[in-house]
Every structure is written in structure tokens, then in C-alpha cells.
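Q: The opening residue of the sequence shown carries number 2 in the working numbering; numbering runs sequentially from there.
Certain hints may be false.
Beta-carbon label-pair distances, calculated as ranges [unchecked claim]:
id, residue 1, residue 2, range
1, Pro16, Lys49, 20 to 26 Å
2, Asp5, Asn33, 16 to 22 Å
3, Ser87, Leu166, 18 to 24 Å
4, Glu41, Thr69, 22 to 28 Å
5, Pro23, Ala122, 28 to 34 Å
6, Gln76, Thr27, 32 to 38 Å
7, Phe21, Glu111, 35 to 41 Å
8, Lys26, Lys135, 39 to 45 Å
In silico BS3-like links for lysine-lysine, alpha-carbon gap of 27 Å or less [unchecked claim]:
id, residue 1, residue 2
9, Lys73, Lys99
10, Lys135, Lys73
11, Lys73, Lys49
12, Lys171, Lys86
13, Lys84, Lys51
14, Lys135, Lys51
15, Lys135, Lys99
16, Lys51, Lys7
17, Lys73, Lys7
18, Lys99, Lys51
19, Lys73, Lys51
20, Lys49, Lys102
21, Lys51, Lys26
22, Lys84, Lys73
The hints are simulated quantities; they were obtained by calculation from the structure and are not laboratory data. All C-beta atoms, glycine included, are put in the ideal place defined by N, C-alpha and C.
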Amino acid sequence: KFFDGKLYFASERCPVIFAFDPESKTITNSINIEVPQNFEMEGLTSFKGKLYLVSENISAVYEVNPTTSELKQVQTSVPLPPKSKSGDGTEGIAGNEKNNKFYILRERNEDMTRSQIFTYAVEAGNETSSITLKYESTIELPLENPQWRYSDICVDELNNRLICLKSYSKGK
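Work out the full structure, taking the sequences as your base and the hints as a guide.
A: In C-alpha cells form, the structure reads like this:
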């Protein structure tokens, strides 16, 4: 995620978010976070000065303060879908400050025929998180076969659209 002049990235199972400066080509900051057991970071976005992560195993959204490394779970009006029996779950998250929305991507549904994008409106939070997410709608993206899936999402604010990364897996 490009945020505040830096490129932020993290590994699925490593509880560290790295800030990379493209001009100096160096890692300028490491944000160590204390995550719940079985946390599996699958997506990263920014929204109004904070970073937000989505976990696949636990299926939840977390807010990270990039200055203090404080981690808080974000309340949602409806639960995110759990990881499926085939191992598919929430893969991406995108914040849209212009429209005050979050988009959460599920790579495939239970029967592996569609990917899903859940739209949430951002509302004022409480003492446990600076925002809460209120469910609005679901967009379903048909898949050609069970080997295809959508694996990431971002907001193109300039052109007012969502961009999704589609990937193919040969399977096991």
C-alpha cells in the first residue's frame, strides 16, 4: 500500500509491517504488531492516517496506528465470512476515503464459482477502534472454473473504480 510517501508491505505470518522509501530505496520503518494467535494477514490498506489489515484465518479487520504500533480489531455490523473448507477466505482490503467506504475481498465462495466483494460504509468508532464498518452490499464476480480466484483489491480514486488482481492456481 502506498501511503504517506512510502510503500507499506507485510508478510502473511510475520507480525511486522515494513515502510519502504522508493526514493532512497531503503526500509525506513518497521512496525512490530502483536497479533492474535492464528492471525494470517492477507490485505493491507490505509484510511485517514491509519493502516488496516484483514486476516483470513480469524476473518477480521484490524486497525494499526503506524506511529505507536497499536493494534485494534475493527467492529463490523455483520461478521466477515469465515475461511471455507477449501481454505479460501478474505484476501484483500481497500479503503476509499473519498466515498467513506471499505471493500473486503473474499477470494472464492464455498462452491468456488464466484469471488465476492463486501462493501462497508465507514462510521465513527468507539473506545476500541476509531471506526466501525457498516455492511452495505455484496458484489459477486463469476469465475471461469475453480482454479481462478481474485486475490487482491485496491481503489483507483482518480477513475472512481475498484481494481482486482485475478490469479490462477493449478491446485494441489
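Q: State for each hint whether it applies.
A: Against the structure, the hints come out as follows:
no., hint, in the structure
1, Pro16 with Lys49: 20 to 26 Å, "23 Å, holds"
2, Asp5 with Asn33: 16 to 22 Å, "18 Å, holds"
3, Ser87 with Leu166: 18 to 24 Å, "19 Å, holds"
4, Glu41 with Thr69: 22 to 28 Å, "23 Å, holds"
5, Pro23 with Ala122: 28 to 34 Å, "32 Å, holds"
6, Gln76 with Thr27: 32 to 38 Å, "36 Å, holds"
7, Phe21 with Glu111: 35 to 41 Å, "37 Å, holds"
8, Lys26 with Lys135: 39 to 45 Å, "41 Å, holds"
9, Lys73 with Lys99, "23 Å, holds"
10, Lys135 with Lys73, "17 Å, holds"
11, Lys73 with Lys49, "15 Å, holds"
12, Lys171 with Lys86, "18 Å, holds"
13, Lys84 with Lys51, "26 Å, holds"
14, Lys135 with Lys51, "18 Å, holds"
15, Lys135 with Lys99, "17 Å, holds"
16, Lys51 with Lys7, "13 Å, holds"
17, Lys73 with Lys7, "22 Å, holds"
18, Lys99 with Lys51, "15 Å, holds"
19, Lys73 with Lys51, "11 Å, holds"
20, Lys49 with Lys102, "12 Å, holds"
21, Lys51 with Lys26, "23 Å, holds"
22, Lys84 with Lys73, "21 Å, holds"
Hint violations for this structure: none, all hints satisfied.
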